[in-house]
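When you get a sec, could you build the whole thing from the sequences and use the hints?
One-letter residues, chain by chain:
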Amino acid sequence: MELLAEILITASLVISGIFGFVGSYGLLKLPDPMTRLHAPTKATTLGVGGVLIASMLYFIVLGDGLSFHELLITLFLFLTAPITANFIAKTQLHRNVPMDDLPKTGTGRPWATYESDEARAEAEANRNP
Amino acid sequence: MESIGTFLPLIAMMPFVGALFPGLMIQAGRNVCAMTAAVPTILAIIMLTICAPAVLDGEVLQFSLPWLPSLGLNVNFFLDGLGLLFAGLILGIGILIILYARFYLSRQDPMGQFYTYLLLFQGAMVGIVLSDNILLLLIFWELTSLSSFLLIGYWKHLPEGRQGARMALTVTGMGGLAMIAGMLILGNIVGSYDLTVILENKDAIQASPLYLPALLLILVGCFAKSAQFPFHFWLPHAMAAPTPVSAYLHSATMVKAGLFLMARMWPVLAGTPEWFYIVATTGLITMVLGAVIALFKDDLKALLAFSTVSHLGLITMLLGFGTPLAAVAAVFHIINHATFKAALFMTAGIVDHEAHTRDIKRLGGLRHLMPITFLIAMLAALSMAGIPLLNGFLSKEMMLEEAAHTVWAGSPWLVPALATLGALFSVAYSFRYIVHVFLGDVRQDYPSKPHDPDFGMWAAPGFLVLLVVLIGVLPAVAEPLVRTTAGAVVGGELPYFSLKIWHGLTPALFMSAIAVAGGALVLSIHSVLAPRWDAAPRPEAKQIFDAIARTATVFSRWLTDMLHNGSLSRFAAIFAVAVIAAGLFAWTGGEAGPPVREPLEIAAVPAIAWALLVLCSLGMLVFHRNRLLVLILMGVVGLIVSLAFIYFSAPDLALTQISVEVVTIILLLLALNFLPKVSPKESSPGRRLRDGVVAGAGGLAVAGLTYAILLGDFAQESISAFHLENSYSGGGGTNVVNVILVDFRGYDTFGEIIVLGIAALVIYALSQSVLGGAGGRWLASGELDSKKAGDRHPLMMVIASRVMMPIALMAGVYIFLRGHNEPGGGFIAGLVVAIALVMQYMASGFAWAVARQRVPYHTTIALGVMAACFTGVGAWFAGRPFLTSDFGYVTIPPLEKFELATAMAFDIGVFLCVIGAVMLALDSLSSMARRAGETVNQLPMDIDPARRSVANATDKMAVAAGKEA
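Chains as they are written, first to last, in full-length UniProt numbering: chain A, 1 to 129; chain B, 1 to 965.
Since the hints were derived computationally from the structure, they do not count as laboratory data.
Every residue gets a Cβ at the ideal spot worked out from N, C-alpha and C, and that includes glycine.
Don't take each hint at face value.
[To be verified] Short derived list, chain A residues pointing at chain B, Cβ under 8 Å: (1) Ile83; (2) His94; (3) Val97; (4) Asp100; (5) Ser116.
[Unchecked claim] The calculated lysine to any residue pairs, modelled on SDA-like cross-linking and capped at a C-alpha distance of 25 Å, are: (6) A:Lys90 - B:Ala847; (7) A:Lys29 - B:Ala611; (8) A:Lys104 - B:Gly790; (9) A:Lys42 - B:Leu795.
Set out below in structure tokens:
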């Protein structure tokens with residue numbers, strides 16, 4: 001049982017290490033900011049996820065019992081990672097990408113990041129008279 | 001006589017309390033205002049009168065109250081003959097001046113202010129003469145300098161008034177500083193700061209090697225205050241004050257403070273050759289010099305000012321002789337001078353008031369126009385000249401008698417001759433005051449037609465002149481007072497003396513006759529002498545003073561600019577160099593303990609973290625012009641430092657560091673929004689090299705010192721062991737860090753949260769003033785960043801922060817509650833909650849969030865400080881010192897037994913202060929953003945799918961409202 005657990009823990013750690021490395025490498029090597037954004041997302045979800053699984057297994061089998069810390073960390077990661085990515089993407093669009101370079105939205109209105117407060121208010125008012 | 005002694009602090013306090021009222025009562029009219037000023041003075045006089053019989057019987061009344069006993073500073077008062085005389089003079093003449101000033105001041109003068117200043121001054125003077133503690137005396141001494149500054153500069157619109165006030169403050173204030181040093185030396189010799197104790201230690205003081213320095217310093221203070229040569233020059237310039245002030249301060253009271261102190265210290269300081277040669281010689285020079293200058297002054301008040309200088313010199317000389325009989329003469333002359341000189345000043349004021357000029361050359365013949373004033377002025381001036389049957393004669397005879405017996409450096413005739421010369425000129429200027437102002441023909445060209453004033457104005461000088469004549473004719477009436485006072489000055493038995501008019505054909509009588517005859521002769525050739533005097537070159541004190549003041553100003557400005565020209569880098573460089581130099585001095589001069597510990601093995605993970613730390617620091621150096629990048633590197637450094645704290649088992653510090661780091665970086669990011677993104681190059685390469693060398697040296701020095709301390713032991717045993725031992729038993733907590741913060745060093749923490757609160761308020765105030773000025777206009781001009789992002793408050797962020805809010809608050813409460821025993825506490829909890837709030841603000845915008853926040857942040861800070869303060873005060877009710885903590889264990893079923901400590905209430909104060917401070921800083925930044933054109937959203941998020949159907953109207957309104965905001 002212990003041996004099995006140790007193997008599982010080790011495997012999770014190795015997998016997480018590989019994904020962490022791939023994520024970091026991608027961050028360095030990918031060509032433009034938008035694609036580069038994907039690399040650390042992989043690293044957090046799979047890399048950190050692997051470490052968390054390893055940690056849980058370790059505490060269940062070899063440590064003091066079931067530990068909830070990892071679940072909380074997972075929860076916070078799941079909350080924060082997409083928001084961070086969202087903001088980085090918004091910033092990239094806002095600062096470096098002209099509105100016309102993006103695909104059309106098909107609604108007659110631009111993507112949210114490019115729409116000013118006044119324009120949005122007016123558009124929504126027109127749509128729902 | 002304990003019961004009467006309690007009057008003493010009341011007498012001293014009465015004018016100070018009374019000073020509050022005239023300024024208020026001026027609304028009710030000038031008469032009421034003057035009466036309000038008179039009431040405390042009269043009350044003080046009544047109390048003094050109650051005390052007087054006991055003092056005249058030879059008792060010494062005492063009162064004592066510990067104030068700062070550890071410093072030797074106590075509120076001790078005592079009243080003996082000398083104090084009684086001076087207190088009587090100060091209060092008695094004070095009440096006359098209050099009466100006189102009521103009629104002297106014109107409608108344009110703010111009378112309330114005048115009486116307030118006057119009472120402040122009166123209180124300070126009474127304080128000086130009643131103090132039984134030299135430190136307390138020094139406090140009152142400086143108060144007289146300050147309040148006389150206000151009085152001399154009372155006519156703020158006159159440059160002479162302002163300059164005179166400044167000069168008086170400079171001279172008397174610097175004298176006061178010297179005196180503080182002298183008094184401290186004296187107190188150290190004796191081992192007590194109580195005057196009564198010091199007065200009993202004559203032998204110890206005069207035998208001490210520090211006697212001469214103490215004597216010199218105290219005398220500088222006395223001479224500066226009493227306008228003795230070479231400090232005499234400030235008194236004539238102080239005459240720019242209104243006449244009541246001159247009459248009060250510069251004849252009767254303040255200038256006598258120096259004399260008072262010399263008389264007070266007479267028993268312990270006098271009797272040595274040093275005392276004789278310094279004090280008597282200074283007095284003699286001042287007497288003669290003042291008298292000669294006075295004769296040639298055309299301004300009435302200047303004449304009187306220099307005559308005052310001369311008479312003060314006379315008294316100083318008498319005190320300097322060091323014999324008991326000379327002390328008797330000095331005391332007697334103090335009384336006489338106060339009466340006739342105050343009267344003379346008041347008549348000068350009347351002349352000025354009625355004729356609109358004080359220039360003797362434009363006056364004359366007033367005898368016919370102002371008969372009452374003439375009578376008063378004549379009697380007072382004749383007394384000053386020393387004519388028989390007036391009180392000035394008596395004390396002048398005694399002075400000449402003492403002078404006749406005094407041998408100066410082996411010469412028996414020098415002092416008598418010079419004293420006679422001084423008396424001669426004194427007679428001359430006194431006669432001049434009568435002859436050139438009042439006698440002669442009536443002129444037609446007075447600036448205003450003079451006539452006698454109302455009774456109210458001449459009542460006060462009239463009363464004083466009555467005393468002049470009374471004492472002059474019946475010297476016996478003053479004898480008990482003189483005897484008691486002189487007894488107090490001498491501090492022992494007095495030799496036989498008697499105050500009477502006729503002593504027989506003594507040498508003094510001949511000297512007096514010479515003086516009167518000579519004085520009349522000199523006056524008769526005044527018109528010949530005056531042009532020559534005016535033509536003669538002589539140093540002008542004001543120009544010298546101004547030149548010195550200017551030089552000092554230029555030097556100070558040069559020094560300040562050198563050290564502190566507003567350049568932060570220069571300031572930091574000077575600071576760093578100074579600290580390094582001090583450190584080097586300590587390192588080379590002292591002896592460092594040998595290393596007693598082995599360095600730890602360096603493991604791989606810490607080594608990597610360390611390398612990262614170093615790399616980031618270097619990165620900051622290289623990229624420091626790119627501010628955003630620097631901020632990110634700073635964040636990395638902060639995180640590694642927190643990890644280091646965990647690695648070295650300091651969880652409290654780690655928690656604090658990490659939360660502070662988050663808050664700091666967020667606030668800095670927001671601030672960066674309003675700053676250029678890149679720092680321009682401003683310094684030359686040479687300067688950068690210099691700064692680099694200084695910074696490098698500082699860094700290496702600190703690193704080296706840390707390394708040495710880490711390997712070695714402290715020179716003294718560290719206090720940590722005590723904290724560890726007593727944390728649980730004394731503070732009721734197992735988290736030593738928290739117990740130190742809220743209990744052992746609670747007072748420090750109390751101060752720190754106040755500082756934190758003040759810092760936040762200052763940030764707020766600064767940002768508000770920036771917004772009101774050029775900075776605000778620049779922000780509003782829209783140059784900052786015209787390109788605005790849409791969808792500023794994205795749905796995902798808003799929802800996530802809402803979800804996080806209760807969890808974060810819960811974590812805050814948890815950290816707060818467990819703080820006493822586990823890592824945590826009010827400070828960290830405050831930061832955690834602040835971060836939870838900051839998240840809401842980031843998600844939905846500051847204005848939206850602040851609208852949902854009931855308690856303003858200023859109030860939060862205040863509540864925090866008050867919570868901490870009241871917790872501390874609570875200890876008083878248990879009869880313990882401020883901030884003593886207590887704790888106990890409580891059981892509320894079904895909960896387990898838990899601990900309640902007063903420190904927790906204190907911690908709440910810390911908690912609130914931290915939240916308030918962080919949020920107020922955020923608020924300040926947000927108001928800048930709004931000035932820069934950021935609109936205010938009324939809704940939590942910009943695109944809300946749930947709102948589609950209902951939002952339109954509201955949205956429109958929101959945008960409109962946002963534009964207005």
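Evaluated hints:
1. Ile83: holds (5 Å)
2. His94: The hint holds - A:His94 has a Cβ within 8 Å of chain B, the shortest such distance being about 5 Å.
3. Val97: Because about 12 Å separates A:Val97 from the closest Cβ in chain B, which is outside the 8 Å limit, the hint is violated.
4. Asp100: This interface hint is violated because 15 Å lies over the 8 Å limit.
5. Ser116: The hint holds - A:Ser116 has a Cβ within 8 Å of chain B, the shortest such distance being about 6 Å.
6. A:Lys90 - B:Ala847: Roughly 22 Å between the alpha carbons, so the hint for A:Lys90 and B:Ala847 holds.
7. A:Lys29 - B:Ala611: Cα-Cα ~23 Å, so holds.
8. A:Lys104 - B:Gly790: holds (17 Å)
9. A:Lys42 - B:Leu795: Holds, at about 23 Å.
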